[in-house]
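> Here's the letter readout for the chains.
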Amino acid sequence: MTVAIDRATGSRRGDRAPRPGLGQRIRNGLQKYWYAYAMIAPVVIVLGVIVGYPLLRGFYLTLTDANSLNSARTIGVNHIAATYRFIGLDNYKDILFGPLSYDRFWSHFLWTVFWTVACVALHYTIGLGLALMLNEKLRGRTFYRVLLVLPWAVPTFVTVFSWRIMLADSGALNQILHALHLPQPQWLEDTFWQRFAAIMVNTWCGVPFMMLSLLGGLQSIDSTLYEAAEMDGASAWQRFRHVTLPGLRSVSSTVVLLGIIWTFNQFAIIFLLFGPTGAPDAQILVTWAYYLGFGQQPRDFAQSAAYGVLLLSVLTVFTSFYFRWLKRNDQLAV
Amino acid sequence: MSTTTLEKTQATPAPAARAPRRARRRGERGPLGAALLHGGLAVASLIALAPVAWLIFLSLGPEKDDYLHPGKILGKFTFSNYSFVLQHTAFFDWFKSTMIVAAGTTLIGVFVAATTGYAVSRMRFPGYKQLMWVLLLTQAFPIAILVVPMYEIFSELGLIDTYWALIVINCTTAVPYSAWLLKGYFDTIPFEIDEAGRVDGLSPFGTFFRLILPLARPGLAVAAFYNFITAVGEVAFATTFMLDDSKYTFAVGLQTFVSQHDAQWNYMAATAVLIAIPVSVFFYLVQKNLVTGLTAGGTKG
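Sequence order for the protein chains is A and B.
Going by the UniProt record's numbering, the residue at position 221 of the first sequence is 221; the numbering climbs one at a time, nothing skipped.
Going by the UniProt record's numbering, the residue at position 22 of the second sequence is 22; the numbering climbs one at a time, nothing skipped.
Bound-form chain B, shown alone:
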């Protein structure tokens, strides 16, 4: 519902009657304005791309010091770094760990955030304000205070070095914001739909699952994306809690290439590129929904 709304606003700002007016204003910008716009966006895109492009370029140079004289890489393009990383490191173990943790966080996190978001969007119950406040405040919890007690708790429960530990922890950071975001999104879905569902004999859960969730797909996509990148990008807990190097996530695994004494930048670059691929794919799948989903959450605040 909100998707169409927004696309309408961005595509044609006004009905035909007002078209000449818009056209004149557009004319006022003139070629110089357009050039400036394109120039600005192009420069910004270049800056956004540069580090990633540079990484891809370096990953093709065979020596670990190639980054110091990048000109030489041009003459000796090779995929040897990639084959080394794939064959002689624990890359696939890391890949598996990361995917398990990220998928777990995404599935559990989005589901839990959706029910919470729906509850705070549709219902006013005692404790509502406090819940919203806590959701916001959990964003502020610094890892420094949590990491030690969590370590104790998880080691007592025998959960250190397990995927569950990371999934649960990632959920605690990702869910509050996702719930907040989804609340905003649910708010944009007309309440009449819920009422219609109730009139037709659905329970609130039924309304939620059958009517609201399908309508909220763009919002869910954004929440999923947010959960996914939070889980993939989490460094502190993964570094502290995963001890067995076959269970490292990428965030930890990548650090093993760079120690105090030796930095194998070429392998690191190749691994980084390989990591960026699945994430970029996921990103590409959800990117159309990103603006819509974030807006709803953002405007609602």
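Bound conformation, chain A alone:
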């Protein structure tokens, strides 16, 4: 029995086994709902209070000109009330179409999209390659797996600092390149190389998750499918193309979506790799928005939150389309 078969029983739960009479069924149903609601209550309440309310509040902030000079604050024992005004959609207008919109928003937006696509593509292909290798029968497989998951196990902020040391002007990487008589880029100063380094570090951090998820997916593919394919004379490539990839479809669609969302909002890597104020051109929208809200004086809360709303809308629209596309291709198991 494999996971896939269990899943099939899971989705058939509507017509399970013999059932009791109608009255009993309704009573059971109510009882079931009651328990269901009791069980999801903590999450719903916490998400409602800690995410939902701030979200609305944040959205309201985007319609004002709030910054650290006019917000409510306490200095010593004096409490100063908020004095910011309601200014409607001006923040959005300014961000999207204002005179500085290209420098401040669109350039970061393009880079964020490129960053997301590049990182997720690299995560997925490298992760899949390693998962395929780990799925082969070979000596020391567990050992390799433990080593390969390490980047995920060590906290990101630790390894990012390690990368920062290695990428420094005369750090390890450049010393190696020097020894090989190759050019030594200014990893942390030059915009192109900053971006290159950011993608490299993020790829390094993100591959283990993909690899493990895909490895799990590979292991749940029924091995008789491969044998059948082999009997029919399918080549290795054909087996990969027509058995492995379809078998991985539902895992892939989930991890790719999560990967896109996580990478799009990846904060820690860029924030730590370049420091809070460094590398303005390598900042993606999230870190840039954080910089506007917390990294400069006066802190521009309204614009920062407006960036947040824009980011969230981009992701929501994207996720909806992605879901629809998955549903059309019948790849979604929700």
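One or more hints might be untrue.
Said to hold, decoys possible - Derived PhoX-like pairs: lysine-lysine, alpha-carbon spacing no greater than 20 Å straight-line: (1) 137(A) with 288(B); (2) 64(B) with 76(B); (3) 327(A) with 96(B).
Unchecked claim - Coverage of chain B stretches by chain A, computed from C-beta distances (three or more under 8 Å per stretch; other residues unrestricted): (4) 64 to 77; (5) 123 to 129; (6) 212 to 221; (7) 273 to 283.
No wet-lab data here; the hints were simulated from the structure.
Here a beta-carbon is modelled for each residue, glycine too, at the ideal position from N, C-alpha and C.
Dock chain B against chain A, hints included.
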């Protein structure tokens, strides 16, 4: 249940009757294929290890500029960085904060995610689809929009600079994904077990606690690991909300070694190594379950 299933598939793909067939295919790979496989995995492992190994190496050099000429470190190995960090910095304060936050997030997060995951795995109730959608969408909430209003709320509640603030926030990011993951895992546990429990007179809560939770241990381990590393690795909120340097978590504390003007890389490296130890221990404890747990969540999507 799923553990055994998967291990069976990975250990022996086919019963004895098909063995010769497999053997022949294996033979086709030949020594070259095996060498390539080992080579590829070895190179990948090296790349995975290098930054961590480098950090350990640098932590043994006494000067803060040693990273510029690592060859010299070989001649003067010392643990002085470690003793400095342990004795003259707030390391233990940071350790305490991190552990409180991480343990709190893990315990509360896994429990809440488990009940939610169980509810969405076993029951179809009005609002089910919306809940799944919201769980997914919370992953997409950028900190930029949340950080300011959350800061306001928490400061009104007097929660700035407290561990609770970070625990709650970490839960909001970790729980949706854990719930999603655990739902997939619960789906792989046969429904007959629930039914048997109900027949024997257990309430749904009883079934959940006594039968399902023990069976779901691998899934719970993965969720715990995910919660733990999310909490330990959280940077943005910890940086913004923790003002008192005795309450810094490691993510904030480590940044104090690297300011604009002065970077004490040697101390930083030593601290980083010390941080990696408890996390690696935790990782080692759960790693056997990782593949199984992630699969269930992943295949279910």
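> Need the list of violated hint numbers for this structure, in ascending order.
3, 6
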